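Chains as they are written, first to last, in the working numbering: chain A, 5 to 384; chain B, 34 to 421; chain C, 708 to 987.
Treat the hints with care, since some could be wrong.
Each computed DSBU-like pair below joins lysine-lysine, with the alpha-carbon atoms no more than 35 Å apart [as the list claims (entries may be wrong)]:
no., chain 1, residue 1, chain 2, residue 2
1, C, Lys874, A, Lys273
2, B, Lys47, A, Lys190
3, C, Lys828, A, Lys378
4, A, Lys190, B, Lys192
5, B, Lys47, C, Lys834
6, C, Lys834, B, Lys56
Quick caveat, the hints were computed from the structure, so don't treat them as lab data. These numbers come from a predicted model, not from an experiment.
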Amino acid sequence: MYAQPDQYAWFAVLATAGPALLVGAAGALLMLLLGAEIPPLYLLAASLAVAAAGLLVGIQQVRPDFHARKAIERTIRWLLVGAALISIFTTFGILFSIVFEALRFFRMHSFWEFITGTVWNPGASFLAAAGRAEEGASAAQFGSVPLFAGTFMITAIAMLVAIPIGLLAAIYMAEFAPQRVRTLAKPTLEVLAGIPTVVYGFFAAITVAPIIVDIAGVFGLDASFNNAVAPGVVMGIMIIPFISSLSDDVINSVPDSMRQGSLALGMTKGETIRDVVIPAALPGIISASLLAVSRALGETMIVVMAAGMRPNLTANPLEDMTTVTVRIVAALTGDLEFESAETLSAFALGLVLFAVTLSLNLASVLMIRRFREKYRVNNL
Amino acid sequence: MSQSFDDISAQLRKRHRRSARLKWISMGALGLAGLFLVLFFADMLGKGLPAFQQAQIQVEIDYNEDAQRMGRAALEPEVSRLVSRTFERLIPGMIRDNPDLLGTSETRWVLADGEVDQYLKGHRHKLNDSQQATVDELVEQGRVELKFNTTFFTTGDSKMPEASGILSAAVGTVMTMLVTLAIAFPIGVMTAIYLEEFAPDNRLTQIIEININNLAAIPSILFGLLGLAIFINFFGVPRSSPLVGGMTLALMTLPVIIIATRTALRSVPDSIRHAAFGVGCSRWQVVRDHVLPLAMPGIMTGSIIGLAQAMGETAPLIIVGMVAFIPDVSASFTEAATVLPAQVFTWAGEPEKAFVEKTAGGILVLLAILIFLNATAVILRKKFERRW
Amino acid sequence: MNMQTAPRQTDQATPAVGQPHTRNDKACHDLSIRIRDLSLWYGQAQALKGLNIDLFQKNVTALIGPSGCGKSTFLRCLNRMNDLIPGVRIEGLVEMDGHDVNAVKMDEVALRRRVGMVFQKPNPFPKSIYENVAYAPRMHDLVSRKPEQDDLVEKALRDAGLWEEVKDKLHQPGTSLSGGQQQRLCIARAIAVQPDVILMDEPTSALDPISTATIEDLMDRLKQQFTIITVTHNMQQAARVADYTAFFHLGEIIEYNDTNTMFANPATKKAEDYITGRYG
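So that you can see chain A by itself, here it is in the shape it has in the complex (with noise of 0.2 Å):
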């Protein structure tokens, strides 16, 4: 014999059950995909019957000079394979969801005005796509500028926030702090990343946004209560681990050879950092900071409940303004005929937010690789 006896039943019982389930799910998929109307009770014979031969053939091939093992293994590694090409398709499927449906709304709108327009008035969609254009009082427009810039917008500020203080952290933890306070201070910065977006949300738009309110009004400025600092500023509080986490790594990782170089030389432990640390560190923390960009550009629910509505052009981060993200979850949640140009145009917004991200993520993945191969550091 090749395998031991229970290989063997557990051949048979691949060979019986492989194909069966194969067959249901085939006739599973067809019924759904072209809505082919089969029979349940059919599909459970045809099924049962290629049991039946699956269970012939295979205990057919049971001889003692039968390599069991070999044919599980077999089976068992197409299987793994098949669980690994999932995340596969998982791209492909965001990908192609998005890109099918945006180039539905491309064909209504140009794609032109998409990316150059200024205004963005979804208003009258609707009625276009229940066939009654006429009525609508304005065309709709879907010029994106106002929602990128509104996007670029809280994500500066998000990002004014986290840099200077995530990297002054990371300093901190690595250069200067005792070890006791580094253990603890690293979990304890980790908490802000792992509170829920939502409750962000909830902390901006109630407690954040009033006190931005008061304080422009000290000044006496007038801010939105709907202001892009309140999303912008507690964003950059939630974005703060990622930067620090990651560049308290890799200044970590930079060889302590280049900091006793420096001091040797009659430089200050501020210098040695400033001068030395930094810049060898700093693909690694340019890394970093691409990847809370990409982020922060992506992050919604912080947006949807503290920033405005309403698509505004403007500079002022006092002012409400929206997102793109903002658009997207607002033209999905309504009560909108699935076809219709707003609904769309989410798909299109996710397209150029899907673009946007991945190359940040590639350019952040293309950092730290250099970052890793010039001080042959693997553990990042």
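Since the structure of chain A is provided, determine the placement of chains B and C on it from the hints.
Coordinates of chains B and C only, in the frame set by chain A:
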């Protein structure tokens, strides 16, 4: 020629000050981040803790004829406005179910109106002066009290703040998480096993690896678009159901579980594998009987962390419609349901002030669960941590 | 001539070696660095055991001995690099220019300006070749204007024997050089600050023989301007470059002597055994 130590020290004074400044500023930055955390939790506790108490009122209920049609008739006129309307609406039904009640009367503690609750807690309220006087009087008589809010944990959503609770959202969360784990855990672990133990180092493997890392960084809302376009529109999975929510979140959790499992598998030393191969195990037997058991604590830790992440996620669930108004606990995976963070989102959008407190209360429950999960993960890791 | 003394036998009051003396064509030596009863502990383990030694200016002193004998640790006491290691405790006196190096009021940054260091593995900064050299003098206000700075960089690179090789690519990263060039860049970086003493911690152990020879020549030239103290594993190197040699063993200085005497006619059995290759 060279300078003396004293000369150099004098020159250095300014540079030392600057160096010290960097230390203090960076320490301040860390302190500031810590301060944010403290302020945040203080704010949430301050806003949310009152939600666990609710005003109750002791009333005389007179099950008379009129009360069969209109519950309010059973209550004394001056206090009837102070009783929650949800309770008033129950009275006709109570009489219908138990006709013996008709003509009797009883004294019992019932839920007070939300405005009374807010008044007692010193928040903004809409009670007029005479109502306030009545409430004050009742408080003195001991007939109005803040009691532990069991309603919050035993009911679903409601349009009336005093009667709304998190039960249906909590059940929805559990169901959604079951679906998520059922999909993400086996697929994630299998993918990791393939990549770590079986995969040849070829182009396909590299693509899968890059793809997984990238998937972990894609904005969550795009997973919602995928769920909407593929699961709902293409495969016809019912909208708003724990099934579609769980499937969507599973795809998001997948990379977390894969990465954690790979790390756990990689930390099992090769000597174990060599030993197992040496006694004639096949590759799969090595993995199943030797590597997986040793990697299990790490895999569990990673999965719990992934689960905690999925549990707090809201954006993709909004897109697949899980923000519905769900007053009753849903019974199946295909019925409309909501989850805790989505419930928080819905309440945050309610205009009544009393819902602010409910929102913060819901947040506290959510945070408590997440802290519990993460603490479990940390303890698991500490307990089973092994150095090879 | 120069006498050796095992530091153990030395009286505190009378220096072990270094009465002003003349040797060959050289002028009078000044007492540059005086060490008395220097002990060092890493946690519980004692790495240096009551060392006494006087080091001479404008000379090359080589520290030799088997691995783990404390020679690198001793070297790092001279510019307080051991401060960076947690759990280090130092007792005794390291005196330089009349100051106690380990005193609380001694500014270790000022100390390191006068006592430069070159490490075992070349560690150029992640900057251009030019910046690697110009950075420290600029920070120390040794140069104020750009032309002055250019001159200083050129002089330092010339002194380090690297100028001809890099003058056309000053703005390329320092890491683009070969290992031997990188080490000379590190030497140029150290001498650009114009220190009094340069410590070298096995400066050639990571280099090929040709680069090693270049750096040995360099040391010979540099001792006109600087006091050089070098740790080496390689006894031939000590014999080639050093004027004085100290033999370390298990945290003690067994013998400290004129290099010629040390290698031709060592006074202690242990030193003789080590030099003749009986152990080490």
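Here is what the structure says about each hint:
Between the alpha carbons of Lys874 (chain C) and Lys273 (chain A) the distance comes to roughly 31 Å, so the proposed pair stays at or under 35 Å and holds. For the suggested pair Lys47 (chain B) and Lys190 (chain A), the alpha carbons sit about 32 Å apart, so the restraint of at most 35 Å is met. Under the criterion of a C-alpha separation no larger than 35 Å, the hint pairing Lys828 (chain C) with Lys378 (chain A) is consistent with the structure, at around 16 Å. Distance check on the hinted pair: Lys190 (chain A) and Lys192 (chain B) sit about 42 Å apart at the alpha-carbon level, beyond 35 Å; violated.
In summary, the hint linking Lys47 (chain B) to Lys834 (chain C) is supported, as the alpha carbons are separated by about 25 Å, within the 35 Å threshold. Under the criterion of a C-alpha separation no larger than 35 Å, the hint pairing Lys834 (chain C) with Lys56 (chain B) is consistent with the structure, at around 24 Å.
Hint compliance for this structure: hint 4 alone is broken.
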